[in-house]
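Participant: From the two separate chains plus the hints, produce the assembled complex.
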Amino acid sequence: MIDFDSIPRIKEVSACHGVYDANNCERKNVDRFDDRQKHSVKVLPSIEEAVRRSGLKDGMTVSFHHHFRNGDYIVNMVMDVIAKMGIKNLTVAASSLTDCHWPLIEHIKNGVITHIETSGLRGKLAEAVSHGLMDFPVIFRSHGGRAAAIESGELHIDVAFLGAPSCDPYGNANGYNRDSEEGSCCGSLGYAKLDALYADQCVIITDHLVSFPNTPFGIPESQVEYVVVVDNIGDPKGIMSGATRFTKNPKELLIANYATKAIEASGYFEDNFSMQMGSGGASLAVARFLRERMIEKDIKCRFALGGITGQIVQMHEEGLVKKILDVQSFDLIAANSLKNNRFHQQIDASYYASYANSGAAVSQLDFVILSALEVDTDFNVNVMTGSDGVIRGAVGGHPDAAAGASMTVVVCPLLRGRIPTICSHVNTICTPGRTVDVVVTDQGIAVNPLRPELYERFAAAGLPVTTIEKLHERAEKIAGIPAPIEYTDRIVGVLMYRDNTVLDVIRQVKD
Amino acid sequence: MSKLRRSMLFVPGNNPGMIRDAHIYGSDSIMFDLEDSVSVTEKDAARFLVYKALTKLHYGKKELVVRINDLSSDLGIADLEAIVRAQPDVIRLPKTDSARDVIECEREIERIEREVGIPVGKTGMMAAIESANGVLNAKEIAFSSKRLIGIALGAEDYVTDLKTTRSPEGVELMFARSMIVNAAKAAGIMALDTVYSDVNNEEGFMAEATLIRKMGFDGKSVINPRQIAPLHAVFTPSEKDLKKARAIMEAIAEANARGSGVASLNGKMIDKPVVARAQYLLEMAERAKTITVEEV
Chain A
1 MIDFDSIPRI KEVSACHGVY DANNCERKNV DRFDDRQKHS VKVLPSIEEA
51 VRRSGLKDGM TVSFHHHFRN GDYIVNMVMD VIAKMGIKNL TVAASSLTDC
101 HWPLIEHIKN GVITHIETSG LRGKLAEAVS HGLMDFPVIF RSHGGRAAAI
151 ESGELHIDVA FLGAPSCDPY GNANGYNRDS EEGSCCGSLG YAKLDALYAD
201 QCVIITDHLV SFPNTPFGIP ESQVEYVVVV DNIGDPKGIM SGATRFTKNP
251 KELLIANYAT KAIEASGYFE DNFSMQMGSG GASLAVARFL RERMIEKDIK
301 CRFALGGITG QIVQMHEEGL VKKILDVQSF DLIAANSLKN NRFHQQIDAS
351 YYASYANSGA AVSQLDFVIL SALEVDTDFN VNVMTGSDGV IRGAVGGHPD
401 AAAGASMTVV VCPLLRGRIP TICSHVNTIC TPGRTVDVVV TDQGIAVNPL
451 RPELYERFAA AGLPVTTIEK LHERAEKIAG IPAPIEYTDR IVGVLMYRDN
501 TVLDVIRQVK D
Chain B
512 MSKLRRSMLF VPGNNPGMIR DAHIYGSDSI MFDLEDSVSV TEKDAARFLV
562 YKALTKLHYG KKELVVRIND LSSDLGIADL EAIVRAQPDV IRLPKTDSAR
612 DVIECEREIE RIEREVGIPV GKTGMMAAIE SANGVLNAKE IAFSSKRLIG
662 IALGAEDYVT DLKTTRSPEG VELMFARSMI VNAAKAAGIM ALDTVYSDVN
712 NEEGFMAEAT LIRKMGFDGK SVINPRQIAP LHAVFTPSEK DLKKARAIME
762 AIAEANARGS GVASLNGKMI DKPVVARAQY LLEMAERAKT ITVEEV
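As given, the protein sequences belong to chains A and B, one line each in that order. Just so we're aligned, residue 1 is where the first sequence starts under my numbering, counting upward by one. Just so we're aligned, residue 512 is where the second sequence starts under my numbering, counting upward by one.
Isolated chain B (complex conformation) (with noise of 0.2 Å):
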C-alpha cells in the first residue's frame, strides 16, 4: 500500500513556532522549506534549524519532506550537506527543468549518503517542475531516478516563464497538470499540484482540489493549516463511493469463489478496471482513518 500523500504542509524553515507543531495539523507530509519562503540572509539560519528540528523533535509518522534551494546555487549543496545526515523521507528538488537536474542531485546525495553511512537509496526524491522547459520534459523527469517518490508542480515560476499570470479557473495550468499527471503516472509515481495561496477563498481552492483530483494528482501542497480538512474532504471517498467499492469488492469476490471471472452488479459488468479503482477507494480510505494522539 503507498502511502497517502494528499497535503503536503509547507513550513517555512525560519519558523520555528510552525516548525515545532507542524505534525498537528494532520496533514499527510510536512515539507519543510528552504528555498523560497526564506530570505538569502536567513538560509543558513533555517538549513540549522530545521536539521535539528528533524534530530530532535517528534514527528510521529509523518512523512517529512525537506525543500532545498536548487544546485546551482552553493546553498543547494549546503542544504544537502546538511539534511541528508538528518534524513528526512524526502529531499525536493525546485525548479527541476531536467533529468540530468534530478541525477545531479542524487549523485549528491548518493555520496552524502555514503560519508554518512546511511544505506544507499533510502533518501528519498521528489522533483517539482516549475517552468515550460520542465513541463515539456516532465517524462523524462519522472523517469529519471528511483528514489523519486512523485513529481509536483510549481505554478508561480511556471505561469511568470508563460508570461501569464495565475486565473481561478487555472485555464494556464491546464498543459502543465495534464502533462505532469500523466508523466508521473506513467513512471508509477505520485502527481501533486502546486498551492493554492488564497487562503481565505475556502470555495476556490475546494474547486481547485476537485477539479486536480478527477484530473489524477493524488494530492497537493498546503501553505495554510486551515487548508488541511477541506483538502482531505475532497480527497477521501465519500460514503456512497465506499459503499458501491465494498458491493463490487463482494461481488467480484463471489464470482472468483463461484471460479467465475466476470461479475456483474445492478446489470452492469465489472472488470479489471472497475476493481482496481473500487480497491483504490477502500484502499484511501482506510489510511484516511482518524489518527490518534500516539502516532502525532
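Okay, chain A solo, but in the shape it has when bound (with noise of 0.2 Å):
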C-alpha cells in the first residue's frame, strides 16, 4: 500500500484550487443547458458595444468579407456605428466591394476611413475613387494575394467584423443553418474564414442566433471574441441571385462552343480532370456543353473549384463531378448543397488560391474559364477598369486560377458595342499575359505563342485557330482605333499581383 502521507508537502495539494479553490471559486454552473446559452458572455447587445470591447482605435484595420455580395448590410452598419464614435483613420479591408457600398463614400470624406483594400470596387464607390476621392490609392488584392498578405502579416486584422448568416451564443457561425430553413444562406464563408483566423479581435454579426453546436461550422468559436445579433444582415434578394439560368445569347453560346471544343481537344480532358468555372453567361454554358462531352465520353471531374454555380451542383449530383471545393457561393442552388452534400466542401481563401501555400486548389487545375474585359496582344487581362479609365470591376481569383491551372481559358466576344476587347495594351494589367493560354472569341480562338502544342492540338481538331494579332486587326477594322482614355498623373488604385508585388496602378481619369 502506498503511504501517501510520507510525500512531502502532500497536504497542501487540493483538488479544489485554482478558480475551484473552496474558499473563493464559484459556484459551477448548474443551469439548464438552454438557460446557460442565453448568459453567453460572448453575445454583446450592439455593434457599439462589440467595437468598443474590442479596442479598436484610430488608424486601425477593420476587415470584412462580401458574401452577401449586393446585399450586404454589415459593412455600411459597421462603418456607421464607428463614425458616430468619432474613430478616424481607419483601413478598410474587405475581401471585395461592390455597389452596395456607395454610402462609405461620405466616411472617405469625414476622414473616418483614409485607406481601402479590396478586391474591387462598383458603383458609385468606384466612380468617386477613380475620380481622386482618396489621398492615399486603394490597394487591390487578388483573393490568393490577400490570403498570402493576411498570412505573411503584410495586412494586418485588427478587427474582423463578419456578417453569418447563422450563429451561436459562441460564435460558432456559418452561411447556412442545418437545423432549419429560417433566416438567409449565402453557402460558403471561405473568405470570412482567413480574417477570423487572423484578426486580433474577431466579431461574428448575426440575424439568426441559433442554440448552440452550430455544426457544421464555417468559422469555429475558438476564432471568435464577440457575437453580436442584428435584425438583418443583408437584404436576401442581393445575397443570393437566384437558380443560375441558361444563356439564350447566341454570341454566348457561340463562343462557349469554341470554349467546349479547345478543352476537348486540349489534352487535359481526360477522366479525373480538375476545373474551375465562371458564372458568366459564357461560363455557365461551357459547363453545360462539357457536361454533354462528359456524359458522352465517360468522363468524371475529380473536384471543381471556385465560386460554385448550381450548374457545378447539377454535375456533383449526377455524379460527374466527385467534388466541389467552395470558397464562394454564387448561387442558392450552390448554397443549398454545400449545406446537404457530403462532397461539398467548404474551403478558405488560401486553401483556395493563396501564393504562400503550396497545396493552393489553383494550383491542382487542370484547367480554367475566365472572363475579361480587355485582353491585349501580349495576353495581359484586365477585368478591372472599364473603357472609359473608371474602375468597375473586381480581381476576383482570376490572376491565382490563371497562373495555378494547366490551361487557362479566356472567353470574352472579339468587340462589345462599338469597343474592341482586343487590343494593344489592356487599360490595366489584372492577369498577366504569360498565365494565359487561350482566348476564345466569337472570332476566332488565340494561342498564346508560349503554347505551341495547344495551337496544333486545337487546328488538328478543325478549330478556328488564329493569332492574337489577327483577333486584334479583325476587332480594329471593325470599331476603328478607339481614342486613349485621358489620364491625370495621380495614382488612385495599385493592382497587387498574387505574390504581392505591385502589377499596375490605375489613374485618376480626366473629368
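Hints may be right or wrong, so weigh each one.
Calculated lysine-lysine pairs in the DSS-like style (CA-CA distance at most 25 Å, straight line) [unchecked claim]:
no.	chain 1	residue 1	chain 2	residue 2
1	B	Lys572	A	Lys261
2	B	Lys567	A	Lys477
3	A	Lys477	B	Lys563
4	A	Lys251	B	Lys563
5	A	Lys251	B	Lys572
6	A	Lys297	B	Lys754
7	A	Lys261	B	Lys800
Since the hints were derived computationally from the structure, they do not count as laboratory data.
Facilitator: Written out as C-alpha cells, the structure is:
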C-alpha cells in the first residue's frame, strides 16, 4: 500500500484549487443547457459595444467579407457606428466591395476611412475613387494575394466584422444552418474564414442566433471574440441571385461552344480532371456543354473549384463531378448543396488560392475558364477598369486561377458595342499574359505562343485558331482605334499581383 | 458544285450589332432585311447601314442576300439604287405574285448595273412567294429570270392571304410548299423554306426542318442564330448515309472499270438516280465541312 502521508508537503495539494479553490471559487454552473446559452458572455447587445470591447482605435484596420454581394448590410452598418463613435483614419480591408457600399464615400470624406484594400470596387464608390476621392490609392489584391498578405502579416487585421447567416452564442458561425430553413443563406464563408483566423479580434454579426452547437461551422468559436445579433444582415435578394439560368444569347453560346471544343481537344479533358468555371453566361454554357461531353465520353471530374454555381452542383449530384471545393457559393442551389452534400467542401481563401500555400487548390487545376473586359496582344487581361478608364470590376481569383491552372482559357467577345475587347494594351493589367494560354472569341481562338502544342491540337481538331494579332486587327478593322483614355498623373489604385508585388496602377480619370 | 443554302440568317437592316456579327454563326447565307423587320421611319437608315456594311465589313465567303422592299412603293427602287451598287450576291424580292414582278425588278437591276459598270447579270435574284396567287404562279416565277438562284416561301403573309393561321404541323402550307419545291426543281433552282418563329421550340423547329428536307427543299430561313446548328444537323447527311453513299460510288466505279453499266450493292441494283443521290449527299457533306477562321 502506498503511504501517501510520507510524500513531503502532500497536505498542501488539494483537488479544489485555482478557480475551483474551495474558499473563493464560483459555484459551478448547474443551469439547464438552454439557459446557459442565454448567458454567453460573447453575445453583446450592440455593434457599438462590440467596437468598444474590441479595442478599435484610430489608425487601425477593420475587415469585412463579400459573401453577401450586393445585398450586404454589414459594411455600411458597422462603419456608420464606428463613424458615430468618432474613430478615424481607419483602413477598410474588405475581401471585396460592390455597388451597395457607396455610403463609404461620406466616411472617406470625413476622414473615418483613409485607406481601402479590396478585390474590387463598383458603382458610385468606384466612380468617386476613379475621380480622386482618396488621398491614398486603393490597394487591389486578388483573393489569393489577400490571403497571402494576411498570412505573411503584410495585411494585419485588428478587428474583423463578419456577417454570418447563422451563429450560436459562442461564435460558431456559418453561411447556412442545417437545423432549419430560416434566415438567409450565403453558402460558403470562404473569405471570412481567413479573416477570423488571423484577426486580433473577431466579431460575428448575425440575424439568426441558433442553439449551440451550430454544426457544421465555417468559423469555429475559438476564433471569435464577440457575437452581435441584428435585425438584418443583408437583403436576401442581393445575397443570392437565385437559380442561375442558361444563357440564350447566341454569341455567348457560340463562344462557349468554341471553348468547349478547345477544352476537348486540349489534352486536359481526361478522366479525373479538375476545373474551375466562372458564373458568367459563357462560363455557365461551357459547363453545360462539357457535361454533355462528359456523359458521352464517360469522363468524370475529380474536383470543381471556385465560386460554385448550380450548374456544377447538378453535375456533382449526377456523379460527374466527384468533389466540390467552394470558397464562395454563387447561387442558392450552390449554397443548399454545401448544406446538404457530403463532398461539397467549404474552403478558405488560402486553401483556394494563396500564393504562399503550396497546396492551394488553384495550383491543382487542369483548366479554368475566365472572363475579361480587355485582352491585349501580349495576352494581358483587364477585369478592373472599363473603356472609360473608370474602375468597375474586381480582380477576384482571376490571376490566381490563371497562374495555377495548366490551361487558362479566357472567353470574351471580339467587340463589345463599338469597343474592341482585343486591344494593343489593356487599361489595367490584372492578370499577366504569360499565365493566359487561350483566348476564345466569337471570331476565332488565339493561342499564346508559349503554348504551341495547344495551337497544334486545336488546329488538328478543326477549330478556328488564329493569332491574337489577327484578332486585334479584325476588331480594329470593324470598330476603328478608340481614342486613348485621358488620365491625370495621380494614382488612385494599385494592383498587387498574387505575390503582393505591384503589377500595375490605376490613374485618376480626367473630368 | 452549286452553293450550299441550308440556312439563310435574317438580319434586320436597322440593327448595327447584328449586322456586324452576322457572319460568325456559321449560316450558309446572310440575308439583310430592309423590308418587314424595319419600321417605315427607319427605312432610309437601314438602307444606308446595309450599304455601308456590304461595302466596308468583311463577311468572308458568306453568300450575302438583301431583301428589298417591293417595287410597288418608292422604297423598292431606292433600295435597289443603293444595294445593287454595294454588290451583294443576291437581291431577294418580296411578295412576288407573278413573273412580271421578277422581270420588272430585273430590268431595274440591269439598268443600275449598266449605270455603274457592274457586269450585267452579276447580281443574283431570289423571289419570295407570299400569296395564294404567287403560289399558283410559282412555275412561271421560277422560270422568269436567269438571275434567279431560288424561290422561297414567305409563310406569314401567305397564311394571312389564305385566311388561316400557322399550325405546328404546317398542314396549311402543304400545297404551297409542294408547289414551290416542284416549280423550283423544274426550273433547276433552289427551293427555300420560310422561317420558324417560335425560337424556343427546338423540337418543333427540328420537326419542320426534317419535313421540308424530305419534301426536297434546299434550306430554310432562320431568325435566330440558335436555329442554325440544329438546321444544319438536319441537312447534313448522317455518317450512316455517307457510308452507304461511298459504297454506292465504289460499286459503280468498279462496274465502270469492268466496262459494265450495271452495278449492284448488297443484292440491290444501283441505277442512275441512286448514283445521283449518293453523289449529291457526298457533295453536301464535303461542302458542310467545318469552316476555319480565315474563311469567316
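Participant: For every hint, state whether the structure bears it out.
Facilitator: Status of the hints after comparison with the structure:
| no. | hint | in the structure |
| --- | --- | --- |
| 1 | B:Lys572 - A:Lys261 | 23 Å, holds |
| 2 | B:Lys567 - A:Lys477 | 9 Å, holds |
| 3 | A:Lys477 - B:Lys563 | 14 Å, holds |
| 4 | A:Lys251 - B:Lys563 | 23 Å, holds |
| 5 | A:Lys251 - B:Lys572 | 20 Å, holds |
| 6 | A:Lys297 - B:Lys754 | 23 Å, holds |
| 7 | A:Lys261 - B:Lys800 | 16 Å, holds |
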